[in-house]
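Enquirer: Chain by chain, the residues:
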Amino acid sequence: MKLNKRTMIVVMLVLCTALLASSSAFAVEEIKIGALFPLTGPAAVSGQNCVNSVLAAAEVINTKNPGIKAPLAANAGLLGGKYVIKIVPADHQGKPDVAKSEAERLYNQEKVFAIIGCYNSAATKPASAVAERAKKIFMCGCSSSAALTERGYKYFFRHAPTDAIESVEFVDYIDYLNKNKKAGIKTLGLIYENTEFGKHAADEARKAAKKINLTVVADVPFNNGATNLNSEVQKLKSANPDAVFGAALGGDYSLWVRTMKQVNWLPKIALNYCTGYQNPAVQKELGADGNFFMGGMGYSPELAKKFMPEAIKIQDKYYTPKSNQPFDSDSIQEAVMLMVLAQAIEKAGAVDTEKVLKVLQTMDFPSVMSLSGSVKFGPDGQNVKALSVITQLENQSYNTVFPLKYKDKEPIVPMVPWNKRK
Amino acid sequence: MSNFLQVLIDGILSGLLYALVAAGLSMIWGVMDVINFAHGEFLMVAMYICYWMGFMLGLDPIFTWIASGIFLFILGGLTYKWVIKRSLGKAAMAPLLATFGLSMLLKNFCMNRFSPNFRLLSGTLLDGRTFEIGGAIVSVPQLVTGLFSLAIIGALYYLIKKTRLGWAIQATAMDKEAAELMGIDTEKIYLLVFGLGGACVGIAGGLMTTYLAVHPEVGSLFSLIAFVVVALGGFGSIPGALFAAILIGLVESFTGFYVAAVLKYVAVFAIYLLVILVRPKGLFGW
Chain A
299 MKLNKRTMIV VMLVLCTALL ASSSAFAVEE IKIGALFPLT GPAAVSGQNC VNSVLAAAEV
359 INTKNPGIKA PLAANAGLLG GKYVIKIVPA DHQGKPDVAK SEAERLYNQE KVFAIIGCYN
419 SAATKPASAV AERAKKIFMC GCSSSAALTE RGYKYFFRHA PTDAIESVEF VDYIDYLNKN
479 KKAGIKTLGL IYENTEFGKH AADEARKAAK KINLTVVADV PFNNGATNLN SEVQKLKSAN
539 PDAVFGAALG GDYSLWVRTM KQVNWLPKIA LNYCTGYQNP AVQKELGADG NFFMGGMGYS
599 PELAKKFMPE AIKIQDKYYT PKSNQPFDSD SIQEAVMLMV LAQAIEKAGA VDTEKVLKVL
659 QTMDFPSVMS LSGSVKFGPD GQNVKALSVI TQLENQSYNT VFPLKYKDKE PIVPMVPWNK
719 RK
Chain B
35 MSNFLQVLID GILSGLLYAL VAAGLSMIWG VMDVINFAHG EFLMVAMYIC YWMGFMLGLD
95 PIFTWIASGI FLFILGGLTY KWVIKRSLGK AAMAPLLATF GLSMLLKNFC MNRFSPNFRL
155 LSGTLLDGRT FEIGGAIVSV PQLVTGLFSL AIIGALYYLI KKTRLGWAIQ ATAMDKEAAE
215 LMGIDTEKIY LLVFGLGGAC VGIAGGLMTT YLAVHPEVGS LFSLIAFVVV ALGGFGSIPG
275 ALFAAILIGL VESFTGFYVA AVLKYVAVFA IYLLVILVRP KGLFGW
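These protein sequences, in sequence, are chains A and B. The number in our numbering is simply the position in the first sequence, starting from 1, with 298 added. The number in our numbering is simply the position in the second sequence, starting from 1, with 34 added.
Hints listed in this document are in silico derivations from the structure and should not be mistaken for laboratory results. Careful: at least some of the hints might be erroneous.
To be verified - If you want the ones that stay clear, here's a sample from chain A, every Cβ over 12 Å from chain B, calculated:
1. K367
2. G392
3. D470
4. V515
5. V518
6. L527
7. K533
8. G548
9. K559
10. A579
11. E644
12. A648
13. K653
14. I710
15. P712
To be verified - Listed below are several chain B residues computed to face chain A (Cβ distance under 8 Å; list not exhaustive):
16. P150
17. T158
18. G162
19. F165
20. I259
Where is the CB? At the ideal position from N, CA and C, for every residue including glycine.
If we strip away everything but chain A, and leave its shape as in the complex, we get (with noise of 0.2 Å):
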């Protein structure tokens, strides 16, 4: 075949286009963040869920959302698309020591911009550390120990209310049932892994219960990925108190509620440091069983409905068909992490360090999977925003009690006892 020499320079053309456009497409650049969290061991629900919401996320990013209200979904990329997001997710197993070196692997080999991470406060503790010395920014969705944000670290950045935060929370809740609802409540029972998470979360527990002097009478911290909890749990009952503090992840929180079960034994009231009980897929598994239990949480699907209804888009849209669930109060923390960063890195019109750095410690950034709204970091890098409700379980459905001002339901106090449930 002879083409001629017009149809020569069309076909030249076409090509340049399509060569320029590809070319044009090739130019989209990659900013990778590292997603660190324990993808195996007792806690790997929970950091599997936290990935998937980061993914999720960095989809709403990447992607033009004209649907969803939210800062950055109604373009695609960042930077008038320039730059995408590209998560590198990594397991640290629940252990500090993979966490430590599995940060200092996606900083210097993987070269992720930050981290977002780890969930387990023991895990996050060593992985910012690493961040701090090589000064890149380390995003915290849910790590609740106060410690992380008392050590006047520059990089480090959380979302989550701290322990602190929540024990004072559930003592002012109790403070409210014995005043309300005649509840008499004196005596209060911690029970908590012993790791870096539980142990903060016992401290902040006895702090606060002096506040509404009430009496700690059984301290019990366990080791996490027990094979049993027969006699944490008698010690709990051999003192029985009022009302229960517990910090456990996922299984050892499952096997907690089914020994109680066993030794058919339940305090008035139990209330829970996030983890095992905010987890669907945990309570999915105790069913009945997980009923009347009450947490700290910042997001329930029954919250959302109300007070977060964008958020309920991005997990339809692309939460749900990765973790077969809807969002979790833990994993949701980790997907705004990113994408305030992303917000920052916008704000500082470039990718680097320094500046996001500065966007970060000084503004105040519109959050639609936050319960207050809007994210703001203190000089310690705490959210100052933080906001958690707390919540009973009952058939599947996280029923908010207090405070007032977001309460759906009246609550179960003291719980319906095991002989008595249907």
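Based on these hints, arrange chain B on the given structure of chain A.
Expert: For chain B alone, kept in the frame of chain A given last:
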């Protein structure tokens, strides 16, 4: 008094479960001098079998332990034929490393296939059943597991001590070449021992599904305790495994309640260290 009785009962029931988990490991270790590093993952596989049979077919683990026992008997046999046999007689660490590889394979397969989610069978026949003795509450699922454990360990002991097959197993354990000269097919004995070891942990895993959650990591701590039980009781000694397991269950339970819950495994490993230092072949070892 009821606290003491409760702690005693908890300790004995935990110990009986540990004994069943450890019995298979003890036999394999005693007869073949092979450490099966995949023992904990065999337990996990058995639990998944019973969980899925319960979840998909509505069969109760109180019956499906037979299926998990048979499956693990076959898996044990196949492990011997495909993994152990090929590594025996090579480097001393070869069987250990091979079973370590197998454990990683099984754990990661289940992690990938079934996700790390915790899965509990609710509404089983024994679910939540308890009764009271002298103020102490006895969990029926744990009691049934303990009774099964006693029966199976008794049957295993009878097999080894009172039958010709058991004598052949003992002869193979003592001197493989001499046993072959006496006409014993040691290959078949090894195959059978690995199968029996698998069956024991298969039954234990199946029964555990009545009250414990299954997830890919569930075998890890149980296998560690099983190693302690075997070393403490004496390699290859079934009564030793039973005694050591109950001792460990009691130490765990009493330390957990009367000292500090967080120290219960410290006490278990401290006693193990003490016994190993004083009597390296274990309490009942040859």
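Enquirer: Confirm or reject each hint.
Expert: Against the structure, the hints:
Against chain B, the non-interface label of K367/A holds: every CB pair exceeds 12 Å, the least being about 32 Å. The claim that G392/A lies off the interface is violated: its Cβ sits roughly 10 Å from the closest Cβ of chain B, which falls inside the 12 Å cut-off. The claim that D470/A is not at the interface with chain B holds, since no C-beta of that chain comes within 12 Å of its own (minimum 29 Å). Non-interface status of V515/A relative to chain B is upheld: no Cβ of that chain comes within 12 Å, the nearest being about 15 Å off.
Non-interface status of V518/A relative to chain B is broken: a Cβ of that chain comes within 12 Å, the nearest being about 5 Å off. Some Cβ of chain B comes within 12 Å of the Cβ of L527/A; the nearest lies about 8 Å off, and the non-interface call is violated. The beta carbon of K533/A sits about 6 Å from the closest Cβ of chain B, which is not more than 12 Å, so the claim that it is off the interface is violated. In this structure G548/A is not separated from chain B by more than 12 Å, as the shortest Cβ-Cβ distance comes to only about 6 Å.
With a least beta-carbon separation of about 6 Å from chain B, K559/A fails to lie farther than 12 Å from that chain, contradicting its non-interface assignment. Its beta-carbon lying about 5 Å from the closest one in chain B, A579/A breaks the requirement of being farther than 12 Å from that chain. No beta-carbon of chain B is positioned within 12 Å of the beta-carbon of E644/A; the least distance is around 35 Å. Residue-level check passed: A648/A sits 38 Å from the nearest beta carbon of chain B, beyond 12 Å.
Residue placement check: K653/A keeps its beta carbon more than 12 Å from all beta carbons of chain B (closest about 38 Å). With a least beta-carbon separation of about 20 Å from chain B, I710/A lies farther than 12 Å from that chain, consistent with its non-interface assignment. Every C-beta of chain B lies more than 12 Å from that of P712/A, the closest at about 19 Å, which supports listing it as non-interface. The criterion of a C-beta within 8 Å of any C-beta in chain A is met by P150/B, whose closest approach is roughly 3 Å, and the hint holds.
At a threshold of 8 Å, the smallest CB-CB gap from T158/B to chain A is about 12 Å, leaving the interface hint violated. For the restraint placing G162/B at the interface with chain A, the shortest Cβ-Cβ distance is roughly 6 Å, inside the 8 Å limit, so the hint holds. Using the Cβ-Cβ criterion of 8 Å, the hint placing F165/B at the interface with chain A is not satisfied: the shortest such distance is roughly 10 Å. A cut of 8 Å between beta carbons decides the hint on I259/B: the least distance to chain A is about 7 Å, and the hint holds.
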